[in-house]
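Using the sequences and the accompanying hints, generate a full structural model.
Listed below are the residues making up each chain.
There are 2 protein chains.
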Amino acid sequence: MSFKDATLAEVDAAMNEAHVAFLSFKNFSGKKRASFLRAIADEIEGLGDELVKTAMAETALPEARIIGERGRTTGHCRMFADYIEEGSWVEARVDTAIPDRAPAPKPDIRKKSVALGPVVVFGAANFPLAYSTAGGDTASALAAGCPVIVKAHPAHAKTSELVAGAIMKAMSKTGMPAGVFQHLHGAGFEVGQALVKHPKTSAVGFTGSFVGGKALFDLANQRPTPIPVFAEMSSINPVILLPESLKKNFEKTATMMASSLVLGVGQFCTNPGLVLAVEGEGLEQFIKNFSAEISKALPAEMLHKGIAANYVKRLSETLAQKGVKLEVQSETESKIGDKNQGRPTVASVQASVFLNNPSLAEEVFGPFSLIIRCANMGELNKVVNHLHGQLTSSIIAEEEEISKHTNLLNILIEKAGRLIINGVPTGVEVCPSQNHGGPFPSTTDSRFTAVGTDAIKRFARPVSFQNFPDSLLPEELKNANTLGIWRTVNGELTRKGI
Amino acid sequence: MSFKDATLAEVDAAMNEAHVAFLSFKNFSGKKRASFLRAIADEIEGLGDELVKTAMAETALPEARIIGERGRTTGHCRMFADYIEEGSWVEARVDTAIPDRAPAPKPDIRKKSVALGPVVVFGAANFPLAYSTAGGDTASALAAGCPVIVKAHPAHAKTSELVAGAIMKAMSKTGMPAGVFQHLHGAGFEVGQALVKHPKTSAVGFTGSFVGGKALFDLANQRPTPIPVFAEMSSINPVILLPESLKKNFEKTATMMASSLVLGVGQFCTNPGLVLAVEGEGLEQFIKNFSAEISKALPAEMLHKGIAANYVKRLSETLAQKGVKLEVQSETESKIGDKNQGRPTVASVQASVFLNNPSLAEEVFGPFSLIIRCANMGELNKVVNHLHGQLTSSIIAEEEEISKHTNLLNILIEKAGRLIINGVPTGVEVCPSQNHGGPFPSTTDSRFTAVGTDAIKRFARPVSFQNFPDSLLPEELKNANTLGIWRTVNGELTRKGI
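Chains A and B supply the protein sequences, listed in that same order. Here the first sequence is numbered in the numbering used here, starting from 1 and rising by one per residue. Here the second sequence is numbered in the numbering used here, starting from 1 and rising by one per residue.
Think of the hints as simulated: they come from the structure by calculation, not from any bench. All C-beta atoms in this analysis are idealised placements derived from N, C-alpha and C, irrespective of residue type, glycine included.
Simulated crosslink set (EDC-like; lysine to aspartate or glutamate; CA at most 16 Å straight-line):
1) 106/B with 429/A
2) 158/A with 58/A
3) 305/A with 58/A
4) 197/A with 10/A
5) 382/A with 279/A
6) 214/A with 218/B
7) 106/A with 429/B
8) 305/B with 58/B
9) 4/B with 161/B
10) 214/B with 218/A
11) 296/A with 331/A
12) 158/B with 5/B
Computed footprint of chain A on chain B; a stretch qualifies when at least three of its residues, placed anywhere within it, have a C-beta under 8 Å from a C-beta of chain A:
13) 112 to 121
14) 212 to 224
15) 392 to 403
16) 413 to 425
17) 480 to 494
Here it is, written out as structure tokens:
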């Protein structure tokens, strides 16, 4: 089964329908939108094995991973349901009037977040469920009150179609207006470009390559009315191995790093693509153990032909760079079959070479890690200063050892959205404290996260209501505060009514 | 006295110095940064009459206005001082570990907002104090922990220099590193462009014309590393006069509208440039009374020659449009003198003409209002649908009357950042509930405000800390919560420690 690309007329109709839906959907109570999100989770679960099998067939990802991803997807739908049902996310601020203030009376002003408008979401190749049709972008946009138009990823269009069907059922079961969720196919660029350029589109969510994300970002900024694009793009997630810890813990560090590197055939935005360490006995022991682990790792099928071909190309380009030494590649023989295989690979390079070759700081999407051999901590700091923006950065070290290098930590914060101590970057917990974002080029706006409850902020904007009679105020801003949400009233955070 | 434009080498040196300062300034406690902001307010007050006289001479604004603006400037410095000293603005989120969770342990993750980096602020022509050197952009950026580089507005460069001197004194008195605040002159575009393009610049704050703001926005997005630009640009602030109220209250509505229109010679971003009403006896009576008020209003000197010349040009272009009827212009004779005079002017046009002439929806910066004569409420709704994004929109109406037009309110929310009932758009209260922002082209990002405590959000980004020992966490995220700030701990908002 293959799907027909949407025509430009269909794109136009979808966006206009989304806008009509927006004008009512945005005003639904948190409770009503929550029931929709919970129904989406239920309907996705209702798809049962068919969804798992379809996703496995389209992505070559193993069953456990797909089941895990399904759990994450239904989990974030329910998380956002709880979040908007509680309702404090609108950041209500109330400043009551002081009519007799001199020299001028103080008006009554109240503020809350409202939905931005129809949001276009691009399905991600590497997350057929959790960052695609009912993924984090979709769930957070719907939670905010924004209709969503998903452009299915062509590599898992059937999976996308199944999930879209589940969402449509949830819509009808919970009385959502037509147009709140729509699903379009488009194998080439035309559909996506038309969606981003459409005047009724208010924002864009994207997870994918730097080239793809940057192109959409540029397109959105060149519109007569620019719109925000949250694109999560490219990150090599540096892992810094401090020398004292490495000397002691090279063995367990190697095991931990190897399992992070090969997880999901390295097809994670948080894959540890860069390892920074100071030369010495510890590093050699680490490389020896790391290599042993990687050499045992089996190559595995990547998501699709394009991704596998790109991995082979980028890998061979990188290994061909002057000064890059191949440390290890997994055995070529594989029990899984050789179709679209991604071979786990580790190379190393002197820091001085890395600093002078910008191409080595670019992402190789797949199970590849480049070890940067630094002469000393001074050179390691230089490499850190040289890095682009990242989603994550990790430090493997003893607590005392880091205390001696607070300068390093101070710079690292400028480079990444999430810092990890003694852990690997893979594994993105979905929770309020999560920041899955970071300085450019890891995302297009470091001020937002794509994962966790705060992801809703990408799709909302504040509106102030001045001198409104209580009857005309949105529920969250009325005196009584019947929702019992947290509000900042005359500067004090409270759940009390006025 | 005139000031030398900064050279490109000086721009480069300033940005590099700002970046060095950033690496320590961002880590100062809220209390320490608050002392700096309070010292700025004190030092500005310490400038006394000299500042008032200089600003009056450079801007032609009257003494009471300058004194009021100074109060607003010192007021927002102290407001941000209180806000960051309290400290909850960092939106701390703590999710503690669950090591025995199945299938995978839950890590400890904690998140807070951190400063974005050096911020370039462009002084605004129309607010020599409150939106210039120590204006809202500067105060909120410093509050967030970002060094600020101000590009002085050439029309009030001496005022800017005086305020910069006060900030420098405050820096030295409170032990701030050199480079936390810097002040550059530049009469042409070169200095501003070089500042926006500099690799060490992290964000831009701008208040001014659409052409200027959009050019900086485009420049920032075309950088190898795009950066956020918050530009507050162009707004005509529609005021909707509903018919029932107009019939009863035409007289007091006319008085209120006239004083809003001529305030500050109409040189406010919130000036009521558009009036929407349904044709009929009420509207005719309103126009009669409004005209009588405007005709009595004296023309007054505008901020500078360029603004006055532009007003004359845009006004005559608008009045020359087909179907535009001049209703009233203030008397030409003036006791203030005729240099750079802005004549308060009101015109009207049929809605059908307005809908077909996009140039009529563009801002005429100065004391000008265009009344849109609508045949009925249906046509008035059509005009509202047709509007660009605005900072504000006002409705003058009885409470009951608005209840009959909730559709209008529903659309209006999509068009503006602040809605006002029975009030005028001028007068922007500085408080937590204020949203001074709005959909494009009123600003470049409707998700942020330029006024009020939330303005700090433009210059901060979240960072997550995973698996950090307590000793290495930022103060706001340590278990003890010695600052006593509000934090979301495992989903619950609390000020308790862990």
